[in-house]
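S.K.: Next come the chains, spelled out residue by residue.
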Amino acid sequence: MHLDGNALAGPLGEIFAVDVTAAVGRCAACGLRGPVAALRVYDAGPGLVARCPGCEEVVLRLVRGPQEAWLDLRGTVSLRIPLQ
Amino acid sequence: MPAIRWRRARLAAARAETPTARTLVFDVVDWPGHLPGQHVDVRLTAPDGYTAQRSYSLATPGGVELTVEGLPDGEVSPYLVEELAVGDEIELRGPVGGWFVWRPDTAPVLLVAGGSGIVPLMAMIRARRTAGSTTPFQLVYSVRTPADRYYGAELDRAEPGLTVTHLYTRVEPRRRIGKQDLPGPGPDVFVCGPTGFVEAVADLLLDLGHDPARVRTERFGG
Amino acid sequence: MGIISRGFRGRPRDDHGRLPPGQYQVYDFPVLSAGPTPRIPLDQWEFAIDTEAGRTHRWTWQELMALPQERPTVDIHCVTKWSKFDTGWQGVSLDVLFEDVETVAEYALIYSYGGYTTNLPLEDLLDGKAWIVHRFDDEDLEPRHGGPARLLVPHLYFWKSAKWVRGIRLMNEDWPGFWETAGYHNYGDPWREQRYEGD
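Chains as they are written, first to last, in my numbering: chain Z, 28 to 111; chain L, 8 to 229; chain E, 694 to 892.
FYI, nobody ran anything at the bench for these hints, they're computed from the structure.
Because the structure is a prediction, the values reported are computed rather than measured.
Every residue, glycine too, gets a C-beta built ideally from N, C-alpha and C.
It is possible that some hints are incorrect.
[As the list claims (entries may be wrong)] Here are some chain E residues the structure puts well away from chain Z; computed CB gaps all over 12 Å: (1) G703; (2) V724; (3) T744; (4) T753; (5) T766; (6) Y880; (7) R885; (8) D892.
[As the list claims (entries may be wrong)] Derived Cβ-Cβ restraints for the label pairs, each shown as a range: (9) L98(Z) x M694(E): 47 to 57 Å; (10) T137(L) x P713(E): 22 to 32 Å; (11) G139(L) x F778(E): 38 to 48 Å; (12) A154(L) x M694(E): 51 to 61 Å; (13) A96(Z) x D55(L): 18 to 28 Å.
Taking the hints into account, I'd like the entire structure generated from these sequences.
M.R.: Below you can see the structure in the form of structure tokens.
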């Protein structure tokens with residue numbers, strides 16, 4: 028079972044100074060646009076995988092180690108991030 | 008605005024919601040404030056450095072309050088419900104989540120809660136009250152039995168413009184939520200609960216003609 | 694280190710000597726996944742070994758079942774810190790599958806139905822160190838645990854034991870897989886606590 032992109036808010040909030048769950052991204056595989064909050068998030072421990080709700084391809088990966096985080100956004104064409 | 012970070016939180020008060028769930032009220036130095044619907048990540052550290060982390064929604068806009076259900080096989084929730092005492096400290100990261108948030112508006116609102124999914128939706132109801140808003144709010148709250156309801160006394164008090172419907176899955180009339188329990192398109196919709204519940208409700212809403220862009224969901228694991 | 698919460702103990706972490714550093718023992722079998730569970734009908738399932746020379750060896754499900762079966766009992770260790778002792782499996786040793794494979798490659802890339810990949814040196818798959826398993830605890834391996842078949846290579850962290858295994862690509866160079874390109878350690882020895890890149 029999966030969560031949704033709301034579960035990324037905390038981990039991504041440590042990296043970005045703005046909330047990214049409201050950001051709108053476009054899937055690099057199928058072109059579907061939608062908020063990060065609507066991604067299907069699979070929690071594999073220190074690794075989080077966010078997949079497109081349309082085609083299930085990987086949009087984003089985040090690994091949180093003790094001293095650093097790795098963020099892979101290659102599955103996103105771009106993110107449009109609302110700034111307050 | 009700096010990135011969010013872990014902050015110390017001291018338990019200031021606690022009250023039972025049900026025999027297995029407790030609302031925890033925290034004092035957090037320099038809390039930046041939050042919006043109804045947002046959540047925090049909680050971190051516990053054992054003396055040997057072992058850590059465990061979970062997410063909990065904020066139950067009210069006015070303070071840092073979490074309502075936690077003690078899960079039988081849980082690692083964190085039994086500690087929070089049974090062990091954590093006034094004066095003890097934990098760490099919180101947040102507030103986080105800018106999408107599953109209600110900002111006062113004129114559009115009517117439909118809230119659909121499954122089990123502990125009621126928590127962020129209650130924050131929205133409380134925010135509406137604090138703001139003196141007259142926006143029509145409808146809450147559909149699916150829970151196992153009346154004894155499992157959170158905020159029961161508060162929801163039983165009549166409040167202008169708020170309609171509340173309870174659906175019980177384990178006592179008569181045993182009912183899972185269905186199309187007959189939900190209104191047609193018009194309101195902004197917030198759905199929260201276990202993943203299976205949220206997906207079932209989202210499907211019902213689409214069948215009823217709701218615009219997917221006006222339905223916001225938050226899935227809890229399980 | 695974070696603030697210690699009075700009275701918080703977490704899951705039991707007694708060291709029996711069988712626990713690698715930083716691990717705790719569990720008695721259930723947690724399910725972690727990087728994606729949805731693929732469903733592969735057995736009449737479409739196949740396993741392949743692709744050599745660096747371009748030759749492919751294939752087995753259908755029936756062919757896999759007809760090979761000599763072993764029943765390894767092993768301890769498994771997840772990077773999320775849980776360990777499970779004495780897990781019982783049934784499957785085919787990689788030594789049997791590699792009997793007729795001609796290769797001088799040093800590296801293997803494991804690929805799975807659903808798109809998951811993981812990499813390891815070929816020598817970590819041979820000499821009794823790895824199996825393609827299809828039964829766990831005397832029952833058919835459930836899809837959520839990697840069924841119909843997964844790789845089992847218990848001397849490394851369990852993310853290397855790829856669920857829904859589909860094949861092994863032999864390569865002359867190391868090709869980091871799904872988690873290895875995202876910050877996990879390239880090798881993953883639990884006894885040296887190699888969880889993340891740089892450990």
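S.K.: Could you run down the list of hints and mark each one as holding or not?
M.R.: Verification of the hints:
1. With a least CB separation of 15 Å from chain Z, G703(E) remains clear of the 12 Å interface cut-off, as annotated.
2. Some Cβ of chain Z comes within 12 Å of the Cβ of V724(E); the nearest lies about 9 Å off, and the non-interface call is violated.
3. Taking the minimum C-beta to C-beta distance to chain Z, about 28 Å, the non-interface status of T744(E) holds against the 12 Å cut.
4. Remark: the non-interface label on T753(E) is consistent with the geometry, its nearest Cβ contact in chain Z lying 27 Å away (cut-off 12 Å).
5. Listed as outside the interface, T766(E) is consistent with that label: its C-beta sits roughly 25 Å from the nearest C-beta of chain Z, beyond the 12 Å cut-off.
6. In this structure Y880(E) is separated from chain Z by more than 12 Å, as the shortest Cβ-Cβ distance comes to about 16 Å.
7. The claim that R885(E) is not at the interface with chain Z holds, since no C-beta of that chain comes within 12 Å of its own (minimum 15 Å).
8. The beta carbon of D892(E) sits about 8 Å from the closest Cβ of chain Z, which is not more than 12 Å, so the claim that it is off the interface is violated.
9. Range check, L98(Z) to M694(E): Cβ separation about 24 Å, and the 47 to 57 Å hint is violated.
10. At about 51 Å, the CB distance of T137(L) to P713(E) disagrees with the hint of 22 to 32 Å.
11. The given range of 38 to 48 Å is broken by G139(L) and F778(E), whose C-beta atoms sit roughly 60 Å from each other.
12. Our hint of 51 to 61 Å for A154(L) and M694(E) is violated, since their Cβ atoms are close to 40 Å apart.
13. Between A96(Z) and D55(L) the Cβ separation comes to about 24 Å, which falls inside the hinted range of 18 to 28 Å.
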